[in-house]
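Enquirer: Chains as they are written, first to last, in UniProt numbering: chain C, 1 to 320; chain R, 1 to 320; chain X, 1 to 320; chain Z, 1 to 320; chain S, 1 to 320; chain E, 1 to 320.
Among these hints, one or two may not hold up.
[Claimed, not checked] Below, a list of computed lysine-lysine pairs in the DSS-like style, where the Cα atoms sit at most 25 angstroms apart:
{"no.": "1", "chain 1": "C", "residue 1": "315", "chain 2": "R", "residue 2": "143"}
{"no.": "2", "chain 1": "E", "residue 1": "83", "chain 2": "Z", "residue 2": "154"}
{"no.": "3", "chain 1": "Z", "residue 1": "124", "chain 2": "Z", "residue 2": "238"}
{"no.": "4", "chain 1": "X", "residue 1": "315", "chain 2": "Z", "residue 2": "267"}
{"no.": "5", "chain 1": "E", "residue 1": "6", "chain 2": "E", "residue 2": "83"}
Rather than coming from a laboratory, the hints here were simulated on the basis of the structure. Only a predicted model underlies this, so the values are computations on that prediction, with no experimental measurement involved.
There are 6 protein chains.
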Amino acid sequence: MTKINKNISELRPGEKSEGFYLIKNFEVKKTTNGKQYIDIELVDKTGSINAKIWDYTKENEEVATDNSIVKVRGEVLEWNGTKQLKVNKIRGKLPNDDIKISELIPSAPIENEEMMNALESYIKKIKDEEIRSLVDTIINKYKDRLLYYPAAKKNHHSYLGGLLYHMLRMMQAGEKLGQVYGFINMDYVYAGVMLHDICKILEMDADTYGVVSDYTMEGKLLGHIIQGIKEIETEGEKIGIDREKSILLQHMVLSHHYEPEFGSPKKPMTPEAELLHFLDIIDARMFDFEHSLEGIDPGQFTDKIWLLDNRNLYKPMNNE
Amino acid sequence: MTKINKNISELRPGEKSEGFYLIKNFEVKKTTNGKQYIDIELVDKTGSINAKIWDYTKENEEVATDNSIVKVRGEVLEWNGTKQLKVNKIRGKLPNDDIKISELIPSAPIENEEMMNALESYIKKIKDEEIRSLVDTIINKYKDRLLYYPAAKKNHHSYLGGLLYHMLRMMQAGEKLGQVYGFINMDYVYAGVMLHDICKILEMDADTYGVVSDYTMEGKLLGHIIQGIKEIETEGEKIGIDREKSILLQHMVLSHHYEPEFGSPKKPMTPEAELLHFLDIIDARMFDFEHSLEGIDPGQFTDKIWLLDNRNLYKPMNNE
Amino acid sequence: MTKINKNISELRPGEKSEGFYLIKNFEVKKTTNGKQYIDIELVDKTGSINAKIWDYTKENEEVATDNSIVKVRGEVLEWNGTKQLKVNKIRGKLPNDDIKISELIPSAPIENEEMMNALESYIKKIKDEEIRSLVDTIINKYKDRLLYYPAAKKNHHSYLGGLLYHMLRMMQAGEKLGQVYGFINMDYVYAGVMLHDICKILEMDADTYGVVSDYTMEGKLLGHIIQGIKEIETEGEKIGIDREKSILLQHMVLSHHYEPEFGSPKKPMTPEAELLHFLDIIDARMFDFEHSLEGIDPGQFTDKIWLLDNRNLYKPMNNE
Amino acid sequence: MTKINKNISELRPGEKSEGFYLIKNFEVKKTTNGKQYIDIELVDKTGSINAKIWDYTKENEEVATDNSIVKVRGEVLEWNGTKQLKVNKIRGKLPNDDIKISELIPSAPIENEEMMNALESYIKKIKDEEIRSLVDTIINKYKDRLLYYPAAKKNHHSYLGGLLYHMLRMMQAGEKLGQVYGFINMDYVYAGVMLHDICKILEMDADTYGVVSDYTMEGKLLGHIIQGIKEIETEGEKIGIDREKSILLQHMVLSHHYEPEFGSPKKPMTPEAELLHFLDIIDARMFDFEHSLEGIDPGQFTDKIWLLDNRNLYKPMNNE
Amino acid sequence: MTKINKNISELRPGEKSEGFYLIKNFEVKKTTNGKQYIDIELVDKTGSINAKIWDYTKENEEVATDNSIVKVRGEVLEWNGTKQLKVNKIRGKLPNDDIKISELIPSAPIENEEMMNALESYIKKIKDEEIRSLVDTIINKYKDRLLYYPAAKKNHHSYLGGLLYHMLRMMQAGEKLGQVYGFINMDYVYAGVMLHDICKILEMDADTYGVVSDYTMEGKLLGHIIQGIKEIETEGEKIGIDREKSILLQHMVLSHHYEPEFGSPKKPMTPEAELLHFLDIIDARMFDFEHSLEGIDPGQFTDKIWLLDNRNLYKPMNNE
Amino acid sequence: MTKINKNISELRPGEKSEGFYLIKNFEVKKTTNGKQYIDIELVDKTGSINAKIWDYTKENEEVATDNSIVKVRGEVLEWNGTKQLKVNKIRGKLPNDDIKISELIPSAPIENEEMMNALESYIKKIKDEEIRSLVDTIINKYKDRLLYYPAAKKNHHSYLGGLLYHMLRMMQAGEKLGQVYGFINMDYVYAGVMLHDICKILEMDADTYGVVSDYTMEGKLLGHIIQGIKEIETEGEKIGIDREKSILLQHMVLSHHYEPEFGSPKKPMTPEAELLHFLDIIDARMFDFEHSLEGIDPGQFTDKIWLLDNRNLYKPMNNE
């Protein structure tokens with residue numbers, strides 16, 4: 001029986017399979033007796049599998065070259081304890097195929113364009129012209145990558161569009177808390193949220209699927225906090241923003257991890273910097289709690305979660 | 001020139017003064033030559049002053065006995081380096097005097113009855129009948145004292161109605177964040193906020209002006225977290241609440257200080273307990289930041305603030 | 001050659017074996033061709049082995065049902081790298097078989113009934129009637145489980161009767177030190193020892209062999225210290241014990257781990273609470289030292305012991 | 001009215017006083033007009049007072065020279081806000097005066113000769129001849145000073161005979177615990193107690209009243225733990241004690257403070273070293289608790305005690 | 001008797017005094033009856049004293065206006081417990097007066113021009129043209145202030161020219177250690193020393209006497225480490241220095257305090273950054289030790305020194 | 001093809017091999033059928049391999065007995081997954097074979113005799129006769145072992161002659177820094193370097209190839225710092241050195257690890273002790289950095305290095 005659109009992690013040797021996958025890498029190789037074939041790494045949300053198109057054709061190579069998403073039909077084999085997909089048929093995604101890239105890889109629960117629009121509407125809420133202009137400049141500079149960058153290599157929001165999603169939720173939470181704590185200057189809150197992690201884009205090398213291969217040289221030697229401060233300094237000077245405003249934003253970036261051992265040599269000295277820290281940590285923790293409890297039965301505890309100081313989280317029984 | 005309603009801290013020897021004050025203590029004493037006089041401690045928001053009514057009369061004693069707020073006219077003297085008020089005239093507050101107790105002592109910025117109403121409307125938002133009933137029972141039990149109790153002996157919200165105000169703001173912030181993080185069970189958030197500090201009423205002895213004289217015996221030996229847990233256990237058993245619900249609420253109280261060295265031997269294991277901790281600390285910090293920056297000129301730093309890890313807070317120049 | 005009463009850990013494939021074992025679980029199963037057989041898990045102090053009675057008989061099933069301790073004769077096989085015992089003959093322990101359960105599972109070095117008697121004689125030494133009555137009530141409530149509960153899941157005293165043995169030794173040491181430090185109120189010392197860990201019975205799920213399968217829901221969310229405090233509160237109120245006495249005992253339970261990071265948010269504030277902490281830790285350490293040095297040759301060090309901060313203990317040469 | 005044997009701290013200007021005091025320092029001085037007088041510092045358990053004998057006589061000087069304890073009659077004056085005693089009559093303590101030095105200065109509650117006898121009887125309990133001989137040698141070497149040395153400059157047992165008293169109580173407690181934990185080698189416990197603090201005699205300079213003026217040069221640069229180790233090494237080599245025994249005793253001294261930050265770079269690696277640590281700390285804590293609660297009313301807390309991590313100790317109401 | 005050039009700290013009421021002092025502030029004031037006088041604050045290495053020129057003359061005002069160093073003759077009075085100098089005669093320093101500013105205020109032991117020359121000769125030793133050019137640019141930018149800036153507000157090298165002196169000694173020590181550890185790239189060591197603290201000039205406001213009045217706004221919100229990184233980034237970009245070189249220097253500045261809690265969120269990742277840290281701390285410590293032991297007698301300890309973790313330093317007896 | 005002098009770690013089953021190796025252990029054994037053979041453990045810098053000489057001859061046994069370094073020809077086999085060398089021919093190192101022991105085992109980069117000479121010339125630089133004599137005595141006492149002892153079991157300088165090399169580099173660096181910080185007493189620096197780790201020889205058991213098998217009993221129970229202090233005390237007393245000098249040297253040894261948790265209960269109280277600490281740590285770190293970066297490509301980071309707090313070190317691109 002042919003399995004349609006079964007997750008890669010669930011494919012079993014001996015089965016036939018048909019479905020949409022993402023091509024991560026591919027290469028035209030030769031067998032020991034000189035015959036050409038195509039070697040492809042296919043991925044979806046649940047894992048990856050090596051696939052072989054033993055009958056090399058120009059057309060097949062073009063399919064692999066031209067497409068990210070392909071529809072594949074084949075048989076699952078086992079080779080030295082590893083699963084392999086013998087491809088019988090492959091074609092590119094057609095316009096009317098009902099499949100999106102976000103269905104194939106781990107990604108934020110909102111479409112990235114939609115998130116970007118929401119973010120930009122928040123930028124418009126900044127009343128101070130200089131601050132708004134600075135934020136606008138920097139966000140635009142990194143906009144392309146912001147559409148797909150994750151917020152981390154591992155841990156919270158480490159998926160496609162994770163950085164943008166993290167920023168958006170912090171924006172929303174910040175806006176809400178600003179309604180309770182009315183003395184807060186929302187311009188700095190919005191700008192701080194927008195800039196606090198933006199240089200993760202420079203700190204980490206990520207591909208367009210939101211997967212971080214490594215930290216960059218500058219990322220390892222300085223880190224995104226320092227990189228972010230330099231970004232504000234440099235772009236602020238270009239724009240000619242009031243010096244105090246630039247420094248206050250730099251201070252917010254500098255202090256947002258709060259503790260020296262987590263990378264912030266200064267503690268927040270303005271209410272907006274203090275709030276930024278809590279917006280950041282609340283969003284990270286809510287993410288971790290929500291995802292850690294996924295798939296846990298009511299009345300059960302999770303295993304120890306290293307990220308959360310080895311806590312075992314509990315999913316209540318009566319939680320309708 | 002007679003100073004009308006000058007703050008106590010601003011009275012200067014040699015001045016005449018007339019105004020409303022609060023009587024904290026009073027006593028009928030005798031001079032060395034046997035003459036009776038009345039010795040009174042008057043206070044307002046800014047401090048306290050010893051006052052003497054040298055002409056003892058039955059009427060004056062009754063004024064002091066029957067009133068909290070009095071109108072006093074007198075002269076400011078200095079005696080051994082300490083200011084003293086020689087009272088020439090004293091009467092109780094009349095119905096049409098435009099003065100409220102909250103104008104004379106440090107207190108929450110919202111009237112306590114109004115806060116209590118708001119709190120009760122939040123209780124009604126709890127959907128789970130058992131939880132709502134438990135919260136309702138406990139709040140009612142302590143309602144009288146909740147109207148005036150401060151949230152601390154020193155530090156944040158240590159004034160008349162401070163505990164209630166702290167709870168109300170956390171409620172509001174919790175409600176807002178619940179709109180962003182939709183998977184949160186708001187019943188536990190509302191109940192957790194309501195119960196997390198309620199036993200400060202048992203931990204500290206406070207007078208009706210919101211001033212804590214000392215911690216109670218049980219408060220010192222156990223503390224309000226442990227006292228709160230026992231309260232939930234006992235009242236929960238009386239009501240016959242589902243055992244898991246009771247324990248989850250106890251866990252929220254137990255873990256809300258987050259760190260063992262601040263009194264929480266367990267870290268939060270549910271998202272609601274995690275959020276409760278952040279609602280608590282954000283409200284305390286916003287209070288501290290707002291009040292520490294009062295009276296600071298733009299472009300200036302505060303002195304080092306012990307409560308905030310010796311930070312010097314900054315009030316920006318361009319903060320309209 | 002048939003091995004008589006060889007430890008399970010020493011059984012080797014190919015050997016015949018005959019001896020007494022404990023039945024931990026058993027089940028009547030069917031082979032793929034529908035034949036019934038009995039599947040048993042046998043344990044002794046050194047480990048466990050799966051056993052099969054391929055010839056199902058009603059009699060054999062009754063033996064497994066009616067007995068904890070059985071005498072088994074069989075052959076040791078190896079199946080997929082795991083040892084298995086093919087049972088040829090099985091019978092229950094007969095009255096004159098010279099074997100006790102404490103010889104088959106790790107357990108305290110004193111019989112549990114004897115320990116319980118000793119404990120009860122200490123309860124009688126409590127002079128204050130209210131305290132004695134409270135302790136008596138709580139110990140009686142948990143007496144059945146106290147006879148076999150271990151003191152921990154892992155670590156010190158984690159064996160059959162370990163909790164009772166731990167309490168008894170602390171009682172003895174407390175009595176002795178009370179002779180040196182005469183100002184100590186022994187009523188609180190005896191009661192404190194009795195109550196400090198009693199709610200480990202509620203914190204952990206243990207079977208009647210003293211093996212902990214897991215912590216309970218309430219155990220994970222609150223822990224035995226908090227559970228113990230609630231126990232004293234509730235039972236104390238029922239008895240109508242003087243409030244200060246109840247709170248002092250609760251304080252002793254609360255503070256007996258001494259350090260916040262080990263679960264005690266308050267440090268001891270009475271001499272008796274202080275002493276309780278040291279009785280607890282000395283007994284745990286003496287246990288760890290004694291057992292860690294078992295089987296070490298004179299003049300040798302143990303390996304690093306994680307429980308004891310990675311120390312290598314030393315067994316002296318000249319220690320006659 | 002003449003106050004007889006009133007404590008120094010209670011003398012009031014204008015009173016006459018008569019009683020026994022200890023002479024701490026005295027000096028023959030001259031007034032501005034050349035008249036000789038004697039200036040004396042008198043002390044008792046409660047404090048010290050400056051005294052003047054304005055009529056210099058050879059006899060009075062001899063009284064001050066020849067005696068520690070004197071009987072003084074005089075008047076209490078006040079000079080620049082400080083109390084002073086104008087001496088009218090002074091004589092040395094007579095044989096039949098019923099006063100002991102231990103009544104005038106803070107000291108251990110047992111006579112020092114009695115403590116020393118008790119200690120020596122414990123030395124005889126050491127079965128190993130080499131260890132007994134080593135302990136005997138070292139104790140004899142410091143015996144004279146051990147009779148009066150305090151155990152500390154400040155803190156616990158910082159009074160006349162305090163070191164000896166501390167050792168004695170640890171001996172007693174060690175003997176008792178050895179009856180509970182039978183696997184302990186008591187020879188090492190007794191020797192360890194005897195030697196663990198003996199070099200405080202070399203670490204601190206104390207006068208014969210048990211008052212420490214300062215630490216010695218070697219005391220500051222090395223400390224009594226290191227000094228004690230060297231003492232055992234050196235004396236052990238002289239006696240020709242088995243090397244392992246010497247090193248085990250040195251290890252006990254080295255590890256008895258337990259934590260590196262309190263001076264022990266190694267943690268105990270033998271049960272006897274472990275027990276020594278607990279004997280030491282229990283004796284110190286019991287001392288601190290007992291003395292801190294002296295003079296506290298039932299139902300009251302002490303002030304915060306720095307030595308005990310700022311705890312407020314509690315004296316129960318119902319503690320008969 | 002007139003004291004010539006006595007230190008301010010040694011002036012006693014009643015004495016006459018004549019000597020050179022530095023004018024810190026001066027003001028023309030009026031007495032209550034309208035008479036003009038000049039109020040001056042005089043300082044030297046040992047302290048400061050208020051001085052009054054009661055006979056106002058235009059000439060005297062010009063002396064105070066035109067000079068830093070003045071010669072003053074007067075009488076020492078005492079006013080409300082504070083010493084005051086009544087000036088009888090005042091004149092400016094004449095060319096042939098043998099007095100230098102460095103004799104009047106705490107300052108580095110080498111003349112600042114000489115130190116600057118030495119520093120510049122080290123810059124020439126940098127072989128890499130880009131690095132040399134960057135260092136040269138930045139040092140020149142701050143050269144004027146570097147001539148007098150202290151290295152700290154309090155603590156080590158907090159005197160005139162202290163920053164320059166600190167850099168010079170580190171240069172010398174770095175050069176020496178480079179001879180032992182030959183694999184070290186000296187270009188980075190020299191550049192790192194030059195740049196590591198250069199932005200203390202932006203972090204602190206100091207006057208030309210090397211006295212810091214306060215930290216700057218940017219200094220408090222960001223700190224000299226972050227400021228230094230931005231300086232290298234900005235100047236490096238202007239020069240067009242190779243990006244890796246710029247980042248390596250920024251990393252050296254970032255990591256030179258080594259521990260997060262001292263301001264370095266990253267630990268050194270190159271040997272040169274590691275060495276820079278040790279050059280910095282050794283120079284600070286050698287300074288502290290040398291100065292703390294000044295004025296201590298051989299065989300004596302200093303008081304506890306807060307800066308050095310409350311150590312008491314020792315000056316040996318036999319230290320010729 | 002026969003591999004000549006291939007590293008042991010690179011030998012592959014099936015290859016022939018010929019080269020020089022070190023004999024670590026050898027034994028004459030018998031096969032199950034009674035035939036004698038020689039079993040040898042051969043080592044070089046890269047690892048060890050078991051070798052068999054199946055044809056036992058008296059001559060071959062003598063070769064193994066008489067030589068450390070042998071030349072071996074044989075075949076590499078694989079036996080149960082482990083490589084083994086079947087020896088066809090073996091002979092001792094001949095005088096004109098161009099091979100040194102330092103080529104076969106990890107060792108210091110300078111010949112040990114040369115290092116020892118250098119060390120002795122530093123001893124001659126000590127001006128104080130008593131200190132020089134003490135150092136000379138102790139170094140001579142351990143000279144034989146100092147020639148080959150490593151400085152550690154693992155970590156920095158853990159190879160043949162490592163201890164001596166560590167001392168020599170510290171001497172050189174100390175001499176250099178003494179030129180910058182002229183107030184330092186170099187006698188103590190030289191003596192301190194010489195003595196600070198000398199008792200590692202007593203703390204660890206090492207063979208003549210610089211490999212530590214284990215710590216000694218005294219090493220584990222006391223450690224080289226305490227052992228070094230006793231050494232100075234004992235030898236100092238024999239020589240009759242001035243007591244203060246001895247104690248200052250003991251203090252240097254005691255404090256050279258600086259932090260209590262690293263074994264130093266006292267912090268340095270003299271400038272020389274302070275400097276000794278930094279000489280020690282700098283030499284260790286320079287060693288670690290230099291060796292960790294060996295074999296890393298320019299522009300790359302190392303893996304996380306546990307010894308260096310999990311840092312990833314960076315090797316710059318442009319580091320010619």
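Enquirer: Please name the hints from earlier in the document that this structure breaks, with their numbers sorted from lowest to highest.
Expert: As far as the earlier hints go, 1 and 2 are violated by this structure, in ascending order.
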